[in-house]
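**Student:** Given chain A, put chain B with the ligands in place with the hints provided.
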Amino acid sequence: MKTYLIEIKLNGEWQKAEVTAKETLLEVLRNKLGATEVKNGCGKGDCGSCAVIFNGKAVNSCLTLALQANGKEVTTLKGIGTEDRPHPLQKSFVQHGAIQCGFCTAGMIVSAKALLDRNSKPSRDVIREAISGNLCRCTGYKKIINAIQGGALESKL
Amino acid sequence: MITVNTRILKAEFEYFTPNTIQEALHLLDQYGSDANVIAGGTDLLVQMKNEVISPSHLINIMKISEMSFIKAEEGWLRIGAATKWHEVVEFCAKDRKYTALYEASCSLGKVQVRNMGTIGGNLCTASPAADSAPALLVFNSQVKLTSAQGERIINLEDFFKGVNLTGMAPNELMTEIQIPSIHNGMGSAFMKITRVGADISKISCAVALERQGDICASCKIAMGAVASVPMRIDQANRIVIGKKVDASLVEEMGKKVSEEINPITDIRSTAEYRRKTAAILLKDVFWKAWHRAGEDR
Ligand SMILES: Cc1cc2nc3c(=O)[nH]c(=O)nc-3n(C[C@H](O)[C@H](O)[C@H](O)COP(=O)(O)OP(=O)(O)OC[C@H]3O[C@@H](n4cnc5c(N)ncnc54)[C@H](O)[C@@H]3O)c2cc1C
Ligand code: FES
Ligand code: FES
Numbered sequence: 001m002k003t004y005l006i007e008i009k010l011n012g013e014w015q016k017a018e019v020t021a022k023e024t025l026l027e028v029l030r031n032k033l034g035a036t037e038v039k040n041g042c043g044k045g046d047c048g049s050c051a052v053i054f055n056g057k058a059v060n061s062c063l064t065l066a067l068q069a070n071g072k073e074v075t076t077l078k079g080i081g082t083e084d085r086p087h088p089l090q091k092s093f094v095q096h097g098a099i100q101c102g103f104c105t106a107g108m109i110v111s112a113k114a115l116l117d118r119n120s121k122p123s124r125d126v127i128r129e130a131i132s133g134n135l136c137r138c139t140g141y142k143k144i145i146n147a148i149q150g151g152a153l154e155s156k157l
Numbered sequence: 158m159i160t161v162n163t164r165i166l167k168a169e170f171e172y173f174t175p176n177t178i179q180e181a182l183h184l185l186d187q188y189g190s191d192a193n194v195i196a197g198g199t200d201l202l203v204q205m206k207n208e209v210i211s212p213s214h215l216i217n218i219m220k221i222s223e224m225s226f227i228k229a230e231e232g233w234l235r236i237g238a239a240t241k242w243h244e245v246v247e248f249c250a251k252d253r254k255y256t257a258l259y260e261a262s263c264s265l266g267k268v269q270v271r272n273m274g275t276i277g278g279n280l281c282t283a284s285p286a287a288d289s290a291p292a293l294l295v296f297n298s299q300v301k302l303t304s305a306q307g308e309r310i311i312n313l314e315d316f317f318k319g320v321n322l323t324g325m326a327p328n329e330l331m332t333e334i335q336i337p338s339i340h341n342g343m344g345s346a347f348m349k350i351t352r353v354g355a356d357i358s359k360i361s362c363a364v365a366l367e368r369q370g371d372i373c374a375s376c377k378i379a380m381g382a383v384a385s386v387p388m389r390i391d392q393a394n395r396i397v398i399g400k401k402v403d404a405s406l407v408e409e410m411g412k413k414v415s416e417e418i419n420p421i422t423d424i425r426s427t428a429e430y431r432r433k434t435a436a437i438l439l440k441d442v443f444w445k446a447w448h449r450a451g452e453d454r
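Residue numbers (our numbering), protein chains in the order written: chain A, 1 to 157; chain B, 158 to 454.
Careful, some of the hints might be misleading.
Pairs of lysine-lysine, PhoX-like flavour, derived with a Cα cap of 20 Å [stated by the list, open to error]: (1) Lys220/B - Lys72/A; (2) Lys9/A - Lys78/A; (3) Lys167/B - Lys2/A; (4) Lys220/B - Lys22/A; (5) Lys142/A - Lys121/A.
A few chain B residues facing chain A, derived, Cβ under 8 Å [stated by the list, open to error]: (6) Glu171; (7) Gly198; (8) Asn272; (9) Met273.
It should be emphasised that the hints constitute simulated quantities derived from the structure, not laboratory data. Quick reminder that beta carbons are idealized off the backbone N, C-alpha and C, glycines included.
The shape of chain A in the complex, shown without the other chains (with noise of 0.2 Å):
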């Protein structure tokens, strides 16, 4: 089996893999590369709870080959925040009770990061769209769009 060694810069420091050509980017990110905060729901493109921050914009890392993603920029959810220094953005979410199970919180915070970098004051129908990728089968959606709105308010400070 022919193997490849790529370089991907994730959150911020360059990490080496080896992979095969059919390894998905979520596979490698959670399975080679220890980020396990990105999480393998659907894996085709429905839900978006492995999405990503690929070169600026969030992208499905379980539709993107790990090859596709050779020499560029990933930023997961702990590169937008950890537990210790946690995004304006998450700590909203936590105090809006916007997780449950938390199974779409990765995804839906990497979507409202890849917004406020393009818009610092969205709309509620801006944050709508911004996470019609994002599917939560727990909270109905309310509290997360004020969770964002939140988030926003307090990135600005």
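**Tutor:** Frame of chain A; chain B with the ligands shown alone:
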């Protein structure tokens, strides 16, 4: 029933990343029907995970910078086949002329899909529900197909041959989409009906027309998910051409559209639903385009 695991790609394949069209064409010539082009991968990887296809070679075209561009020149809007949807959306939002294409692009998939998926990929998958197809059809668009042996330009209408079937040879690459320029007095619109917000169309419709006062000088209609290919409607539109437009005429055109289409029943809708909705959707889209054509630009 056989269940597939959509979390993994089962079969290995060889992967190439050419930097120029020439290199890609050389690879296609060499591997032809054993190879697939991969652009954004949002259709292809889903098909591979579902084990619908399993190519032994993938040729990634996203490093070919000469395939990603949007240029307005000499009577044409030219879009490189590997241009991503978010770029088309951004261009159309500024340009404001190709309204039907703008509305189709905005409705295509979700943010993540528009950040990866390309315009050429949407056409080459040849889904009857491809959202860009009706919008591009009503503008009389054409596509440029290139192979190591040369290039040819064909009307988009002649490109689609059936569900997931195109007139492209295995060694051909779609390099460009060409849309004739829009002039004053033209108006267009696109709408689709879906089960939930961001979804594949149950039925879609685009209209582009020219208006002279109350007279409809020309009218092109195309629909998605109403036949085995995205379809130009060539009878119903004649009802309004050259006429003073009123509600009853548009009503009649809607009825005629329902007769002209050839829908099937599938997981998204029944044929009966599609016929009934087609008439109403056409009316809504027509009036939107009509009012836009009347606006001063
Ligand atoms: C969650 C989700 C939602 C979606 N929603 C929509 C929707 O609402 N509307 C819609 O129309 N589509 C939708 N799609 C389908 C898909 O995203 C689009 O069709 C997209 O434009 C495909 O582009 P791509 O670059 O990803 O194509 P790829 O998957 O890379 O390629 C698709 C096919 O075209 C071929 N190909 C690609 N480029 C070329 C080229 N230049 N020359 C020759 N062959 C080529 C490939 O070999 C492959 O067979 C959705 C997909 C997903 C996963
Ligand atoms: S796991 Fe990628 S979108 Fe669902
Ligand atoms: S919190 Fe459970 S899926 Fe969103």
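**Student:** Could you run down the list of hints and mark each one as holding or not?
**Tutor:** Hints versus structure:
no. : hint                : verdict
1   : Lys220/B - Lys72/A  : holds (12 Å)
2   : Lys9/A - Lys78/A    : holds (13 Å)
3   : Lys167/B - Lys2/A   : holds (15 Å)
4   : Lys220/B - Lys22/A  : holds (19 Å)
5   : Lys142/A - Lys121/A : holds (17 Å)
6   : Glu171              : holds (7 Å)
7   : Gly198              : holds (6 Å)
8   : Asn272              : holds (4 Å)
9   : Met273              : holds (5 Å)
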